[in-house]
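Here's the letter readout for the chains.
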Amino acid sequence: MIQISLNINGEDFDVDVSPDLTLLDLLRELGFHSVKKGCGEGDCGACGVIMDGIYCKSCLVLAMQANGRDVFTVESMGDVNDPHPLQQAFVDEGAVQCGYCIPSMLLAADVLLSENEDPTDDEIKEALDGNLCRCTGYVKQIAAVKKAAKMMREEENDAE
Amino acid sequence: MINVEQYDRPDTLKEALELLAKEGAVALAGGTSMSLAKNPSWNSIVDLSDIEEIQTIEEDDEFITIGAMVTMTEIFRHPGNMPCSISAAARAVSSTPIRNMTTVGGSLARSVYWNDLPVALLSLGASVGLASAHERRRISIDELYTSHPSKVLKSGEIITDVKVELGKYKTNFIKLARTHVDYALLNVCASLEVKGNVIANARISVGGAVNMARLVIPAGELLSGQQYSDDLFIKAGETAAESIEYRSDFRVNREYQKAVTAKLVTRSLRDAWNNCECNETDGE
Numbered sequence: 001m002i003q004i005s006l007n008i009n010g011e012d013f014d015v016d017v018s019p020d021l022t023l024l025d026l027l028r029e030l031g032f033h034s035v036k037k038g039c040g041e042g043d044c045g046a047c048g049v050i051m052d053g054i055y056c057k058s059c060l061v062l063a064m065q066a067n068g069r070d071v072f073t074v075e076s077m078g079d080v081n082d083p084h085p086l087q088q089a090f091v092d093e094g095a096v097q098c099g100y101c102i103p104s105m106l107l108a109a110d111v112l113l114s115e116n117e118d119p120t121d122d123e124i125k126e127a128l129d130g131n132l133c134r135c136t137g138y139v140k141q142i143a144a145v146k147k148a149a150k151m152m153r154e155e156e157n158d159a160e
Numbered sequence: 001m002i003n004v005e006q007y008d009r010p011d012t013l014k015e016a017l018e019l020l021a022k023e024g025a026v027a028l029a030g031g032t033s034m035s036l037a038k039n040p041s042w043n044s045i046v047d048l049s050d051i052e053e054i055q056t057i058e059e060d061d062e063f064i065t066i067g068a069m070v071t072m073t074e075i076f077r078h079p080g081n082m083p084c085s086i087s088a089a090a091r092a093v094s095s096t097p098i099r100n101m102t103t104v105g106g107s108l109a110r111s112v113y114w115n116d117l118p119v120a121l122l123s124l125g126a127s128v129g130l131a132s133a134h135e136r137r138r139i140s141i142d143e144l145y146t147s148h149p150s151k152v153l154k155s156g157e158i159i160t161d162v163k164v165e166l167g168k169y170k171t172n173f174i175k176l177a178r179t180h181v182d183y184a185l186l187n188v189c190a191s192l193e194v195k196g197n198v199i200a201n202a203r204i205s206v207g208g209a210v211n212m213a214r215l216v217i218p219a220g221e222l223l224s225g226q227q228y229s230d231d232l233f234i235k236a237g238e239t240a241a242e243s244i245e246y247r248s249d250f251r252v253n254r255e256y257q258k259a260v261t262a263k264l265v266t267r268s269l270r271d272a273w274n275n276c277e278c279n280e281t282d283g284e
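Each protein sequence line maps, in turn, to chains V and Y. Oh and the first sequence: position 22 is 22 in the numbering used here, straight run, nothing missing. Oh and the second sequence: position 146 is 146 in the numbering used here, straight run, nothing missing.
Everything labelled a hint here was simulated from the structure, so no lab data went into it. Don't take each hint at face value.
As the list claims (entries may be wrong) - Okay, the calculated bits of chain Y under chain V, using three or more residues with CB under 8 Å as the criterion:
id, stretch
1, 4-16
2, 33-47
3, 90-96
4, 138-145
As the list claims (entries may be wrong) - Straight-line distance between alpha carbons at most 16 Å, and here's what the computed EDC-like set of lysine to aspartate or glutamate pairs gives:
id, chain 1, residue 1, chain 2, residue 2
5, Y, Lys-163, Y, Glu-143
6, Y, Lys-38, V, Glu-156
7, Y, Lys-163, Y, Glu-15
8, Y, Lys-38, V, Glu-41
Keep in mind that this is a model prediction, so the values were computed, not measured. C-beta atoms are modelled at their ideal positions from N, C-alpha and C, and glycine is treated no differently.
Work out the full structure, taking the sequences as your base and the hints as a guide.
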């Protein structure tokens, strides 16, 4: 076993991990069940997380690689009482059906909007690329990200 | 993997190379193939992701040097003079989260048939910086690909960077795949050193349809020293299609591989000659 320390959604964790444990399995063991295990080999994207600002697939990251890193899952974004604009926009636009791929889509979109406050359709498609959705056909997620971007720009203008 | 007892993430290359000199130590770059690997001979992992000196892209008047830990995303977002076929190959890699993780060094050292980036680097005649605890050396990418790169690297040796001459070639990269994120059915890169109306030197490389990225030397030789003509580009495509050994691929048959190689090598040569943008194709 290898001892690691990492920060998940702002909280510090010290854990012993087996060398072949993936970050995906560690997160699920620690109760972050929004991180989904679909294919487990880097195809489906349902395990997407943000690690040190980079959106990545946690099934391809060994748990020990997360030592000293900051990891964010969708639990960090908001909840039903206080949703993040992206979460609200996904609801408003009907972008969620079964919901399995949505946590990672939200995180991918969050990274995009942190770098680009008014993305084009192509930029949204590229940011969400690698997150397979078998329900919706992707159109509504693109509309939702655009709507969230607008909501966030307006919020910022109101704050100024 | 299960026998790994130590994990280190050193800050300096020197420290990493000392750790890698030990028996059973393995370098971890982007990690996209590592978590799926089950190699019982590894007992320690040396994660290279905190070593700043191999994470930079540097340019001078003549060369661009790309550190081994630079990711595909960083390559195509680079604001400077990245050769377009390198940018296109980096962008052709899988999906955004994979491009955020995949590194230059990992793509070369762990070469698999579908790798996009090595095809562009071969065509552009890159040189590759290597380092171990005992030695620093620089070899041509042709030498790295005389066998599988992992066999050309000595024990404890890692790739530190790739270096490409700027402005030497007109170049074009094409990926053929069923969808953007699918493994390449065929990758082609054509690079032409042009003097007036004469092709002084041509380097054509392929991947995807072969076991490992490789130069197609007979097709390049056919063009080198010749005056430009479109017929010559068609002939070079046909020569390339005849001269490579195809891997068997359940997605397509041999006739298709051959036909599409001829067409796309010709297209890549035309687009390189005309300075057209690099692109992807679904075979239409």
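Do the hints match the structure? See the list:
Here the stretch 4-16 of chain Y counts 5 residues with a CB under 8 Å from a CB of chain V, which clears the bar of 3, and the coverage holds. Chain V is given as covering the stretch 33-47 of chain Y, and this holds because 6 residues of the stretch bring a CB closer than 8 Å to a CB of that chain, at least three being needed. Counting residues of the stretch 90-96 of chain Y whose beta-carbon sits less than 8 Å from any beta-carbon of chain V gives 3, enough to reach three: the coverage restraint holds. Look at the stretch 138-145 of chain Y against chain V: 0 of its residues bring a Cβ nearer than 8 Å to a Cβ of that chain, fewer than three, so the hint is violated.
Restraint check: the Cα-Cα separation between Y/Lys-163 and Y/Glu-143 comes to about 14 Å, which is no more than 16 Å; the hinted pair holds. With a C-alpha separation of about 49 Å, the suggested pairing of Y/Lys-38 with V/Glu-156 is violated against the 16 Å cut-off. Distance restraint check for Y/Lys-163 and Y/Glu-15: the Cα-Cα separation of roughly 23 Å exceeds the 16 Å cut-off, and the hinted pair is therefore not satisfied. Taken as a hint, the Y/Lys-38 and V/Glu-41 pair is honoured in the structure, with Cα atoms around 13 Å apart against an allowance of 16 Å.
The structure does not agree with the numbered hints 4, 6, 7 stated previously, though it agrees with the rest.
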